[in-house]
Amino acid sequence: MPEFKVVVSNPKDGTSKTIEVKDQQARALLGLKIGDVFDGMIIGLKGVKLKITGGSDRSGFPMIPGIPGAVKKSVILSRGIGMKSKKYTRKRKTVRGNTISEDTALINTVIVE
Numbered sequence: 001m002p003e004f005k006v007v008v009s010n011p012k013d014g015t016s017k018t019i020e021v022k023d024q025q026a027r028a029l030l031g032l033k034i035g036d037v038f039d040g041m042i043i044g045l046k047g048v049k050l051k052i053t054g055g056s057d058r059s060g061f062p063m064i065p066g067i068p069g070a071v072k073k074s075v076i077l078s079r080g081i082g083m084k085s086k087k088y089t090r091k092r093k094t095v096r097g098n099t100i101s102e103d104t105a106l107i108n109t110v111i112v113e
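Per the numbering used here, the sequence shown starts with residue 1, numbered consecutively.
Simulated from the structure, these hints should not be mistaken for laboratory data. Even for Gly, the Cβ is constructed at its ideal location relative to N, Cα and C. Possibly wrong hints are sitting among the right ones.
Straight-line distance between alpha carbons at most 20 Å, and here's what the computed EDC-like set of lysine to aspartate or glutamate pairs gives [as the list claims (entries may be wrong)]:
hint, residue 1, residue 2
1, LYS22, GLU113
2, LYS5, GLU20
3, LYS46, GLU113
4, LYS12, GLU113
5, LYS33, GLU3
6, LYS12, ASP103
7, LYS33, GLU113
8, LYS49, ASP36
9, LYS5, ASP103
10, LYS93, ASP103
11, LYS5, ASP36
12, LYS46, ASP13
13, LYS49, ASP13
14, LYS33, ASP103
15, LYS22, ASP103
Have a look at the derived ranges for each label pair, beta carbon to beta carbon [unchecked claim]:
hint, residue 1, residue 2, range
16, LEU30, SER59, 16 to 26 Å
17, ASP39, TYR88, 40 to 50 Å
18, ALA105, PRO68, 13 to 23 Å
19, ILE81, GLU3, 21 to 31 Å
20, GLU113, GLN24, 35 to 45 Å
21, GLN24, ALA105, 14 to 24 Å
22, VAL71, LYS12, 17 to 27 Å
23, GLY14, VAL71, 27 to 37 Å
24, LYS87, LYS46, 18 to 28 Å
25, SER78, LYS46, 41 to 51 Å
Kindly generate the complete structure, drawing on both the sequences and the hints.
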């Protein structure tokens, strides 16, 4: 059974809260991608729409929007998600694709409506 932690951020007041999602609620999130908008009623929030902005898997590898699917890949990055390096430095990092799967542990969302 899939189990996620969903972090819901509210840009209006700058707060965030974590909601644990299990079983049927978690199954509704499988297959969604970074950038998709879904109804907050799925995770128990009435009257809001949530946009997926990122996440990470059980090993801590971050999700990147540019990699399709739920795969784990080793890519060369110069900046952005997963990188904290100096200018003009490139490094090979392991990252996760943009689709939510059963290997996903954390999903970052932001309220859009």
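Now for the hints, and whether the structure bears them out:
{"no.": "1", "hint": "LYS22 - GLU113", "verdict": "violated, 24 Å"}
{"no.": "2", "hint": "LYS5 - GLU20", "verdict": "holds, 5 Å"}
{"no.": "3", "hint": "LYS46 - GLU113", "verdict": "holds, 11 Å"}
{"no.": "4", "hint": "LYS12 - GLU113", "verdict": "holds, 11 Å"}
{"no.": "5", "hint": "LYS33 - GLU3", "verdict": "holds, 17 Å"}
{"no.": "6", "hint": "LYS12 - ASP103", "verdict": "violated, 31 Å"}
{"no.": "7", "hint": "LYS33 - GLU113", "verdict": "holds, 19 Å"}
{"no.": "8", "hint": "LYS49 - ASP36", "verdict": "holds, 10 Å"}
{"no.": "9", "hint": "LYS5 - ASP103", "verdict": "holds, 12 Å"}
{"no.": "10", "hint": "LYS93 - ASP103", "verdict": "holds, 18 Å"}
{"no.": "11", "hint": "LYS5 - ASP36", "verdict": "holds, 17 Å"}
{"no.": "12", "hint": "LYS46 - ASP13", "verdict": "holds, 18 Å"}
{"no.": "13", "hint": "LYS49 - ASP13", "verdict": "holds, 16 Å"}
{"no.": "14", "hint": "LYS33 - ASP103", "verdict": "holds, 14 Å"}
{"no.": "15", "hint": "LYS22 - ASP103", "verdict": "holds, 13 Å"}
{"no.": "16", "hint": "LEU30 - SER59: 16 to 26 Å", "verdict": "holds, 19 Å"}
{"no.": "17", "hint": "ASP39 - TYR88: 40 to 50 Å", "verdict": "holds, 44 Å"}
{"no.": "18", "hint": "ALA105 - PRO68: 13 to 23 Å", "verdict": "holds, 20 Å"}
{"no.": "19", "hint": "ILE81 - GLU3: 21 to 31 Å", "verdict": "holds, 23 Å"}
{"no.": "20", "hint": "GLU113 - GLN24: 35 to 45 Å", "verdict": "violated, 24 Å"}
{"no.": "21", "hint": "GLN24 - ALA105: 14 to 24 Å", "verdict": "holds, 18 Å"}
{"no.": "22", "hint": "VAL71 - LYS12: 17 to 27 Å", "verdict": "violated, 35 Å"}
{"no.": "23", "hint": "GLY14 - VAL71: 27 to 37 Å", "verdict": "holds, 34 Å"}
{"no.": "24", "hint": "LYS87 - LYS46: 18 to 28 Å", "verdict": "violated, 46 Å"}
{"no.": "25", "hint": "SER78 - LYS46: 41 to 51 Å", "verdict": "holds, 42 Å"}
Checked against the numbered hints given earlier, the structure breaks hints 1, 6, 20, 22, 24 and satisfies all the rest.
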